[in-house]
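Chemist: Protein chains in written order, with UniProt numbering: chain A, 1 to 237; chain B, 1 to 92.
Hints in this document: simulated from the structure, not taken from any laboratory.
Be careful, since some hints might not be right.
[Unchecked claim] Among the chain A residues that face chain B by a calculated CB cut under 8 Å, a handful are: (1) Asp6; (2) Val64; (3) Phe89; (4) Ala91; (5) Asn158; (6) Leu162.
[Unchecked claim] Covered by chain B, per the in silico footprint, the following chain A stretches (three or more residues, Cβ under 8 Å): (7) 96 to 105; (8) 181 to 190; (9) 193 to 201.
All values reported here derive from a predicted model rather than from experimental measurement.
Ideal placement from N, C-alpha and C gives every residue a C-beta, glycine not left out.
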Amino acid sequence: MPDLADFQANFARAILDDDSFDRLSGQKAFAVYRNTCARGAVEALRAAYPTVDMLVGEEMFTQVALDYRREHPPRGPVLSEYGGEFATFLARQSWTGELPYLADVARLDRLWLESFLASEPAGIERSYSRGSRVALHPATRFAWLAMPAMSIWQAHRNPHGLVELDPVWADEWALFTRPGLSVRAELIDAPYYRLLLACVAPAPVAEVVSAVAAEFPRADVSELLHRAVASGAIIIQ
Amino acid sequence: MNKLTNIAVVTALTAFAATSATAGPAKPQPNADKCYGVSLAGKNDCAAGPGTSCAGTSKRNYAGNAWKYVAKGTCTAIKTPKGHGSLTPKAA
Numbered sequence: 001m002p003d004l005a006d007f008q009a010n011f012a013r014a015i016l017d018d019d020s021f022d023r024l025s026g027q028k029a030f031a032v033y034r035n036t037c038a039r040g041a042v043e044a045l046r047a048a049y050p051t052v053d054m055l056v057g058e059e060m061f062t063q064v065a066l067d068y069r070r071e072h073p074p075r076g077p078v079l080s081e082y083g084g085e086f087a088t089f090l091a092r093q094s095w096t097g098e099l100p101y102l103a104d105v106a107r108l109d110r111l112w113l114e115s116f117l118a119s120e121p122a123g124i125e126r127s128y129s130r131g132s133r134v135a136l137h138p139a140t141r142f143a144w145l146a147m148p149a150m151s152i153w154q155a156h157r158n159p160h161g162l163v164e165l166d167p168v169w170a171d172e173w174a175l176f177t178r179p180g181l182s183v184r185a186e187l188i189d190a191p192y193y194r195l196l197l198a199c200v201a202p203a204p205v206a207e208v209v210s211a212v213a214a215e216f217p218r219a220d221v222s223e224l225l226h227r228a229v230a231s232g233a234i235i236i237q
Numbered sequence: 001m002n003k004l005t006n007i008a009v010v011t012a013l014t015a016f017a018a019t020s021a022t023a024g025p026a027k028p029q030p031n032a033d034k035c036y037g038v039s040l041a042g043k044n045d046c047a048a049g050p051g052t053s054c055a056g057t058s059k060r061n062y063a064g065n066a067w068k069y070v071a072k073g074t075c076t077a078i079k080t081p082k083g084h085g086s087l088t089p090k091a092a
């Protein structure tokens, strides 16, 4: 009689291996566990990547999710943390060549979820003083995309009448903020992206401003700063 | 840093100081519970909805098989430089 740890390790292995058939997994009732676990992983991934699900369709998503699970089985009990490598997994698949934006759309689904689940910052200053530092709000997520993935993503968040989408095939910059309790997604420009990048490590306002102004001399940096603070993307420390 | 940049920095800081006192993110609404991830994606129990039951008789078999990917979603509505999303089967 194997001890408990062995039994559990065997059980876990057999859950993931569809082809295993031994004294344990050969039992008829074992399929109940196997199927329930697979379903849990597939549906958790679907819930985390709703836009990818819409793009490829339910049936295909299920199969892609099963393939993903074989490579990246769940590592913990928190389902929202499952699927963190899905975007890079998609980018590696040969078939995504025909859907080149798919991996970036997956990335955006992930950023939305991270923004949604982030904790509130401890304290937010409301006023600026000399020597103030600015930092990203914990729920702020942003990305530079080499595809019009944000336009595609946004079109799916309001899919009514999505008959045809003909986006401009160029880079895009995306920002997710969480004013209050709901996530807001917006398309931003390169100078705004640069400003957010300058705030990844908390920095004095003057430093942030000069970093953006040096790279984008024609940008209205004060307007950008104001927008970033007003939207809650950055906070004053 | 050149002179133009210096001017831009000073202007930006002045404008920022003038506006930021009133600016700020919206306050979280009190008494609004946030839906955390576990319940958001919490579909792993045996009462997961139609098609499953505690007897384990899922209508859908989630076992992997030699399946070919066929995209049937909205990707067909999106124009790329190479044309529309494909509907052709692809080897997994």
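Chemist: Enumerate the violated hints, using their earlier numbering and listing them in ascending order.
Modeler: Going through the list in order, the structure violates hints 1, 3, 4, 5, 8, 9 and respects the others.
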